[in-house]
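Chain by chain, the residues:
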Amino acid sequence: MEAFTVHEGLCAALSRNDVDTDQIIPKQFLKRTDRDSYGDAGFFSWRYDEAGNPRADFQLNDPAYQGASILVTGNNFGCGSSREHAVWALTGMGFRAVIAPSFADIFAANSLQNGFLPVQLSPTLVAQLRERAERRDGYRLAIDLRDQQVRDGGGVIAEFVIDPFWRECLLSGRDPIAMALSREEGIAAFEATRPRWSPRTTTAGLFS
Amino acid sequence: MISQMSPGTPRTAYRKIWESHIASGDPDSRALMYIDLHLVHEVTSAQAFNGLRAEGRRVRRPDLTLAVMDHTVPTWERSRPTPDPIAAEQLRQLAENCRAAEVPLLDLHHRRQGIVHVIGPELGLIQPGMTVVCGDSHTSTLGAFGALAFGIGTSEVEQVLATQSLWQAPATTLEIRVDGELPIGVTAKDMALAIIGRVGVAGAQGTVVEYRGSAVRALSMEGRLTLCNLTIEAGARAGLVSADQTTVNYLAGRAASPTGAEFELAAAAWRSYATDEGAEFDRTVVIDAAELVPHVTWGTNPGMVAQVTGRIPRLSDFHTELERQQAVRALDYMGLSEGTAIEEISVDRVFIGSCTNGRLEDLREAAAIAAGGRVHSTVRAMVVPGSQTVKRAAEAEGLDRIFTQAGFEWREPGCSMCLGMNPDVLGSGERCASTSNRNFEGRQGAGGRTHLVSPSMAAAAALHGHFVDVRQLHRAPLAPVG
Ligand code: SF4
Numbered sequence: 001m002e003a004f005t006v007h008e009g010l011c012a013a014l015s016r017n018d019v020d021t022d023q024i025i026p027k028q029f030l031k032r033t034d035r036d037s038y039g040d041a042g043f044f045s046w047r048y049d050e051a052g053n054p055r056a057d058f059q060l061n062d063p064a065y066q067g068a069s070i071l072v073t074g075n076n077f078g079c080g081s082s083r084e085h086a087v088w089a090l091t092g093m094g095f096r097a098v099i100a101p102s103f104a105d106i107f108a109a110n111s112l113q114n115g116f117l118p119v120q121l122s123p124t125l126v127a128q129l130r131e132r133a134e135r136r137d138g139y140r141l142a143i144d145l146r147d148q149q150v151r152d153g154g155g156v157i158a159e160f161v162i163d164p165f166w167r168e169c170l171l172s173g174r175d176p177i178a179m180a181l182s183r184e185e186g187i188a189a190f191e192a193t194r195p196r197w198s199p200r201t202t203t204a205g206l207f208s
Numbered sequence: 001m002i003s004q005m006s007p008g009t010p011r012t013a014y015r016k017i018w019e020s021h022i023a024s025g026d027p028d029s030r031a032l033m034y035i036d037l038h039l040v041h042e043v044t045s046a047q048a049f050n051g052l053r054a055e056g057r058r059v060r061r062p063d064l065t066l067a068v069m070d071h072t073v074p075t076w077e078r079s080r081p082t083p084d085p086i087a088a089e090q091l092r093q094l095a096e097n098c099r100a101a102e103v104p105l106l107d108l109h110h111r112r113q114g115i116v117h118v119i120g121p122e123l124g125l126i127q128p129g130m131t132v133v134c135g136d137s138h139t140s141t142l143g144a145f146g147a148l149a150f151g152i153g154t155s156e157v158e159q160v161l162a163t164q165s166l167w168q169a170p171a172t173t174l175e176i177r178v179d180g181e182l183p184i185g186v187t188a189k190d191m192a193l194a195i196i197g198r199v200g201v202a203g204a205q206g207t208v209v210e211y212r213g214s215a216v217r218a219l220s221m222e223g224r225l226t227l228c229n230l231t232i233e234a235g236a237r238a239g240l241v242s243a244d245q246t247t248v249n250y251l252a253g254r255a256a257s258p259t260g261a262e263f264e265l266a267a268a269a270w271r272s273y274a275t276d277e278g279a280e281f282d283r284t285v286v287i288d289a290a291e292l293v294p295h296v297t298w299g300t301n302p303g304m305v306a307q308v309t310g311r312i313p314r315l316s317d318f319h320t321e322l323e324r325q326q327a328v329r330a331l332d333y334m335g336l337s338e339g340t341a342i343e344e345i346s347v348d349r350v351f352i353g354s355c356t357n358g359r360l361e362d363l364r365e366a367a368a369i370a371a372g373g374r375v376h377s378t379v380r381a382m383v384v385p386g387s388q389t390v391k392r393a394a395e396a397e398g399l400d401r402i403f404t405q406a407g408f409e410w411r412e413p414g415c416s417m418c419l420g421m422n423p424d425v426l427g428s429g430e431r432c433a434s435t436s437n438r439n440f441e442g443r444q445g446a447g448g449r450t451h452l453v454s455p456s457m458a459a460a461a462a463l464h465g466h467f468v469d470v471r472q473l474h475r476a477p478l479a480p481v482g
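In order, the protein sequence lines correspond to chains C and U.
Numbered per this note's numbering, the first sequence finishes at 208, counting up by one with no gaps.
Numbered per this note's numbering, the second sequence finishes at 482, counting up by one with no gaps.
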């Protein structure tokens with residue numbers, strides 16, 4: 001997986017609560033079978049009008065946010081559908097991290113899987129960071145996973161909490177699947193204890 | 001899953017399932033959890049199979065995996081081809097991936113095809129104490145069986161295919177207790193919408209919800225499936241109902257259920273996963289069933305919900321600036337004004353179906369209202385059974401004729417207008433009474449406006465052309481024929 005140690009970049013504000021994954025990547029793009037063609041599709045209905053032109057009233061279309069790589073947003077970001085395409089859309093748009101007061105659980109898990117860092121900070125602090133980004137004057141942050149700090153030009157702003165398992169995976173770029181495969185013994189031993197009646201999908205006549 | 005739980009300190013069902021599925025690691029931190037059943041559909045699996053191939057990995061347990069085509073399938077006659085070439089290619093890749101990995105697939109033409117969360121229960125594949133995942137957030141539905149069932153992303157789908165396990169951290173627990181008796185005309189859907197309205201769309205984040213109390217016990221398995229389905233809309237990781245006699249009765253005689261003496265053994269094991277007397281939850285919310293009424297969402301997330309006899313809130317009712325702005329945007333998108341009475345809202349379309357309300361009981365409930373009536377001249381209404389099994393059972397009871405005689409369209413099974421990835425979509429500005437689970441912007445079609453309701457409320461809106469309080473029209477659900 002993609003490693004993450006420290007990232008420094010321009011902040012863009014998306015000043016809304018409960019941004020759902022249907023908005024981050026609308027369903028018409030979920031028929032594709034690749035992982036990396038979603039950058040132009042991110043926030044499609046909010047970003048473009050019916051004729052396909054960028055909507056001036058959508059924050060992320062602001063030229064001041066051109067090249068932004070850190071998204072600062074509201075509560076419950078990424079709620080709704082489990083579609084990992086939402087993360088692929090955000091990374092495709094150039095984002096490496098998102099700061100919010102809270103994230104939907106599946107979205108946070110999908111983000112970590114892609115080396116895209118969800119940073120949870122207090123609502124008050126996120127509101128302050130959002131205000132700074134809303135000034136559109138090039139506010140930048142550094143997110144350091146090694147010491148779990150968020151810094152700006154003035155110094156350390158906050159420390160954030162992250163699951164030690166994911167911190168380790170992200171710093172080393174280690175693949176959770178390879179880590180699970182290395183526990184083969186445990187998996188096989190567990191399988192030996194499963195009850196006889198545990199359902200199998202290959203049982204003859206199951207679908208008759 | 002072990003054969004039977006031993007007595008000890010009182011534990012919640014969630015904690016029992018979690019502790020008994022650890023293949024490696026410590027239950028108090030992140031550990032490797034074994035997955036008893038993995039359900040797969042076309043939209044979130046292709047990239048996972050590609051990933052496996054790129055790494056030279058195999059599907060570890062095809063016999064614990066089941067794939068189905070549901071999200072993008074057209075609901076017109078199955079003999080007609082899928083019109084969208086990109087969707088057709090995605091379906092083709094699912095078939096090819098399943099063939100190569102020897103994963104059973106219920107394809108478009110299979111007599112057991114249906115929405116992924118509807119088919120598992122019908123087959124008896126979901127049993128108490130199991131861990132079940134699917135690349136779909138509404139996997140929470142299956143917690144109705146006292147199983148731990150949750151949605152995952154595509155990277156995790158790949159991990160489960162490769163290892164039959166997932167790295168999980170222990171969740172906190174939230175008890176939602178609904179005591180008392182549901183009034184006539186008030187359903188599990190209304191219970192769920194009332195709960196989301198109360199706890200909020202992020203209110204259950206990080207928790208596994210357990211629904212308890214006499215009103216939950218009184219629900220059928222189908223009602224419990226509806227209730228657990230909507231758990232994700234409160235932000236929870238999963239929702240469940242501890243197994244009881246209703247659960248065991250439902251499983252008796254299902255295709256994947258054990259038989260004879262083994263069924264008795266299994267039933268005892270299933271019950272042993274139920275939450276112990278005296279087990280503690282991290283948080284509790286209590287709701288009085290007798291006070292519940294039919295609910296209708298007015299905004300663009302399921303927490304924006306009102307009682308049918310109520311009104312859309314006033315902007316001054318919102319506390320923070322962000323919440324107020326959110327309500328302004330929602331009302332603008334929905335083409336509604338603050339303070340409007342819910343019963344004054346008229347609809348153009350009605351959709352009855354989805355993994356929330358596409359089961360037999362839901363169709364009976366809607367048919368009881370539709371019987372002898374006529375869909376309003378300005379409304380187009382469709383009924384999409386959750387599965388082929390539901391469709392056959394409904395037809396055997398004559399529900400299809402009740403619907404079609406009243407002017408509803410009767411379709412082939414699939415997700416359909418729940419998310420509009422097939423040809424069933426709302427046009428821009430069209431307003432729909434829908435029995436599905438998400439009223440997000442554009443969910444049912446770009447510019448489409450969704451109001452979430454129960455099946456009987458949806459049927460009533462179809463006949464009247466606007467929302468009406470179904471308690472005023474209530475008739476008993478149609479008794480099954482024969
Ligand atoms: S019916 Fe709707 S919510 Fe359910 S699985 Fe299909 S798309 Fe998802």
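Check each hint, because a few of them may be wrong.
Claimed, not checked - Facing chain U, a subset of chain C residues (Cβ under 7 angstroms, in silico):
hint : residue
1    : L30
2    : S37
3    : S102
4    : I106
5    : Q113
6    : L125
7    : F160
8    : V161
9    : R174
10   : F190
Note that these hints are calculated values from the structure, not bench results.
This one's a predicted model, so the numbers in the text were calculated from it and none came from an experiment.
No residue lacks a Cβ here, since even glycine has one placed at the ideal position from N, Cα and C.
Outcome of the hint check:
For the restraint placing C:L30 at the interface with chain U, the shortest Cβ-Cβ distance is roughly 5 angstroms, inside the 7 angstroms limit, so the hint holds. The beta carbon of C:S37 is not positioned within 7 angstroms of any beta carbon in chain U (closest approach about 11 angstroms), and the interface hint is therefore violated. Among the interface hints, the one on C:S102 holds; its C-beta lies about 6 angstroms from the nearest C-beta in chain U, closer than the 7 angstroms criterion. At about 6 angstroms, the closest approach between the beta carbon of C:I106 and any beta carbon in chain U falls short of 7 angstroms, and the interface hint on this residue holds.
Taking 7 angstroms as the C-beta contact cut-off toward chain U, the hint placing C:Q113 at the interface holds, the least distance being around 4 angstroms. Because the beta carbon of C:L125 sits about 15 angstroms from the nearest beta carbon in chain U, more than 7 angstroms, this interface hint is broken. The interface hint given for C:F160 is broken, as the beta carbon of that residue sits about 16 angstroms from the closest beta carbon of chain U, more than 7 angstroms. The interface hint given for C:V161 is broken, as the beta carbon of that residue sits about 12 angstroms from the closest beta carbon of chain U, more than 7 angstroms.
A hinted interface residue such as C:R174 counts as satisfied when its beta carbon comes closer than 7 angstroms to some beta carbon of chain U; here the least separation is about 11 angstroms, so the hint is violated. Interface hint at C:F190: satisfied, since its Cβ lies 4 angstroms from the closest Cβ of chain U, which is below the 7 angstroms cut-off.
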